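Asks: Here is how the chains run, residue by residue.
2 protein chains.
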Amino acid sequence: MRRPQGYLFSAVEAGIRYKGRPDLGLIFSQTPAFWAGVFTRNDFKAAPVLLGLKRRGEVSRVRAILVNSGCANACTGPEGLQDAETLLRDLAGLLRISPEEILPASTGVIGLRLPVPRIRKVLPDLVAGLSPDHAPLVARAMMTTDTFPKMVSRELEIRGRRFTLLGLAKGAGMIAPQMATMLAFILTDALIPPAELAPALREATEGSFNRITVDGDTSTNDTVYLLANGQAGELPSEAWSTFREALSEVARELALLIVRDGEGASKLVKVVVREARSAEEAELLARAVAHSPLVKTAFFGEDPNWGRLLAALGKLGLGLSLEKISIFINGIPLVERGRGMPEEKVRKEMHRAEFTVEVRLGLGQASSEVFTCDLTYDYIKINAAYRT
Amino acid sequence: MRRPQGYLFSAVEAGIRYKGRPDLGLIFSQTPAFWAGVFTRNDFKAAPVLLGLKRRGEVSRVRAILVNSGCANACTGPEGLQDAETLLRDLAGLLRISPEEILPASTGVIGLRLPVPRIRKVLPDLVAGLSPDHAPLVARAMMTTDTFPKMVSRELEIRGRRFTLLGLAKGAGMIAPQMATMLAFILTDALIPPAELAPALREATEGSFNRITVDGDTSTNDTVYLLANGQAGELPSEAWSTFREALSEVARELALLIVRDGEGASKLVKVVVREARSAEEAELLARAVAHSPLVKTAFFGEDPNWGRLLAALGKLGLGLSLEKISIFINGIPLVERGRGMPEEKVRKEMHRAEFTVEVRLGLGQASSEVFTCDLTYDYIKINAAYRT
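Residue numbers (my numbering), protein chains in the order written: chain A, 1 to 388; chain B, 1 to 388.
Simulated from the structure, these hints should not be mistaken for laboratory data. Note that the coordinates shown come from a computational prediction; the quantities given were computed from them, not determined experimentally. Among the hints, erroneous ones may be present.
No copy labels: a pair is met if it fits in one copy or bridges any two.
No farther apart than 25 Å at their CA atoms in a straight line, the calculated lysine-lysine pairs in the PhoX-like style are these [as the list claims (entries may be wrong)]:
{"id": "1", "residue 1": "LYS54", "residue 2": "LYS324"}
{"id": "2", "residue 1": "LYS348", "residue 2": "LYS381"}
{"id": "3", "residue 1": "LYS54", "residue 2": "LYS348"}
{"id": "4", "residue 1": "LYS345", "residue 2": "LYS324"}
{"id": "5", "residue 1": "LYS270", "residue 2": "LYS19"}
{"id": "6", "residue 1": "LYS19", "residue 2": "LYS54"}
{"id": "7", "residue 1": "LYS348", "residue 2": "LYS270"}
{"id": "8", "residue 1": "LYS345", "residue 2": "LYS121"}
Construct the entire structure; sequences and hints are all you get.
Replies: See the structure below:
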């Protein structure tokens, strides 16, 4: 996997919650990086989110991201904020930078305090382990119920210069917009002015992390950070749109990895609603389908139960016309103008690990898409016993 | 169980979908009954719902309810409407009444046509079996994934006269307001003018069937019928409020039976949100908690995971203040002003088959409550394989 210049990575086992695997990660930029961040809209923002929001108002350039799994440091009050600040201060001392130059991110159980002494003890090891090769370790240290680490990279060649993007993410549970519930860090070695970064990240988020759902629950800790350290030189302004496209691709791939690894998920399903009267209507309907537990269990059962699809579309009471609605799975008709079609060919498509449900409403020109997964026994297993 | 005067019941096995149990039921009033009905708000209303809505505009008195399980007769187009009308016409002939005096109700798989010839064949047996004693058979014939039949009765004594209410319901899946997804028929022998019936039923529905959720999916077939045949005489107008109260109690008990028998459910949970700024806000938050798959799996795991409760409350972005929020389970504090309390005593309460989660927001005076159940392996089992 290509890596952007000037970034070092490290991860150690701090024993926060998991045993025998790294749970504390550090990303360090050798030079100050312009940055942008988007955060959860949950009322109860975790301490690292509050600090991230504070940084956004304070500093245009940062040097590092400190991330831990196992403990969300959410709903921990002023003490939780202090815990995070203590760690950032310690780490800043070791890195010889200011604490404001470090972005914090946590994921894991809500309501637990961070085991600060234990984490402090391993900070020197964390710093000592920094290496350009250790990005996969950080991707692993971010994992909670994730079953695999998530990394994506892209390379741009512009006027003979090479610019690289690298994205790391964790997801699995409490995955819903807005904004999709997860951590993601995207690093680039391009020099991009901060005024460009924030809108580019918002755009990328809208088409990716905000279009996925596992269970409709929005966490207290969702965070996406984008860092641009300029080590590969200035990105010519005519290449900004190329960069934005690449950024959106990286975000989208990470988002799909998150859904594919949704808690207990065995299938990745794209729900596309077309021919709506407005993009908002299309999105509401796509989300209604993507959130429906009955639809999601039917996906798991590989049952082309179009009655449930229609019921999910109809339940919002938007005034749809049944006789105008057609539904396709991987392009094969399941409902044509309100009537069920023979199901055998469609059922075969549902045996696949990925498929698309396309709904045509016959009402207008607008469309929207959402990515979801199936609802399985393992979702229950993972979540009934998560803390025990 | 007390039964209202002048109602006969019958059920037979029509082999619509299930084997070895009744799946076609009939309720017959010996005299015309004033009636009221409330129906699903799903855009795609099943044929029996469309006919019920039509009746509501046409006739103030009816004689019978015909109900079947196994096939919802939903999304079946003009043919589905014709199927229902054919059956009602046949049945009307056998009962020597007009088809408009029969209210239809169906529940089961969406998108299937009714096996009309098979049902026609057993209609004479259905009529021949009418008896005041067979109400339990009808409650059984309505069942789909329900594990037990649902009946509730109440008796009022007013000025030496006895008035009786009897309610029958089926629920289990696709249970969500508005209006809660199920069939329920409430019969009384009181004579109540139709102008009183409709608002009384709306009021009763609001506090019962509209306050429950199993999976947040609203079906195409939800129907509540209320019949009042006057066989026990006229209800004095000063007793209307007593009647309304009894009606609300019957509806509420039926609603609770439905949640208790929610698909795969092992626990009935009442979610009460108090101290909200408005009833709407309280209701939105109660529903957010009651719908959250992560909260519901934690109920199943008997895990007092208050972080998930807070995350569910916060995800709407209503501007709540964490430090004002307290949460109790069966009165025992789990969160006090945003801080987690020792969990052991609370965990014990969660071992019960029923418990109450009370959220105090500290923002105002308004409150709302919703009934929900846990999300279990059996929900997945039932719904992944429902049609196969």
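Asks: Regarding LYS54 and LYS324, is the shortest C-alpha distance of 25 Å or less found within a copy, between copies, in both, or in neither?
Replies: Between copies only: 23 Å across, 50 Å inside.
Asks: Have a look at LYS345 and LYS121 and pick one of within, between, both or neither, based on CA distance no larger than 25 Å.
Replies: neither (59 Å within a copy, 34 Å between copies)
Asks: My question is about LYS345 and LYS324: at a cut-off of 25 Å on alpha-carbon distance, are they close within one copy, between copies, both, or neither?
Replies: So LYS345 and LYS324 pass the 25 Å test inside one copy only (22 Å; across, 55 Å).
Asks: At most 25 Å between alpha carbons: which applies to LYS348 and LYS381, within, between, both or neither?
Replies: Classified as between; 21 Å across copies, 27 Å inside a copy.
Asks: Treating 25 Å as the Cα threshold, decide for LYS270 and LYS19: within, between, both or neither.
Replies: neither (35 Å within a copy, 37 Å between copies)
Asks: At most 25 Å between C-alpha atoms: does LYS19 with LYS54 qualify within a copy, between copies, both, or neither?
Replies: neither (32 Å within a copy, 64 Å between copies)
Asks: Evaluate LYS348 and LYS270 at a C-alpha cut-off of 25 Å and name the case that applies: within, between, both or neither.
Replies: within (17 Å within a copy, 41 Å between copies)
Asks: From the Cα coordinates, with 25 Å as the cut-off, is the pair LYS54 and LYS348 best called within, between, both, or neither?
Replies: neither (51 Å within a copy, 40 Å between copies)
Going down the numbered hints, you'll see the structure goes against 3, 5, 6, 8, while the others check out.
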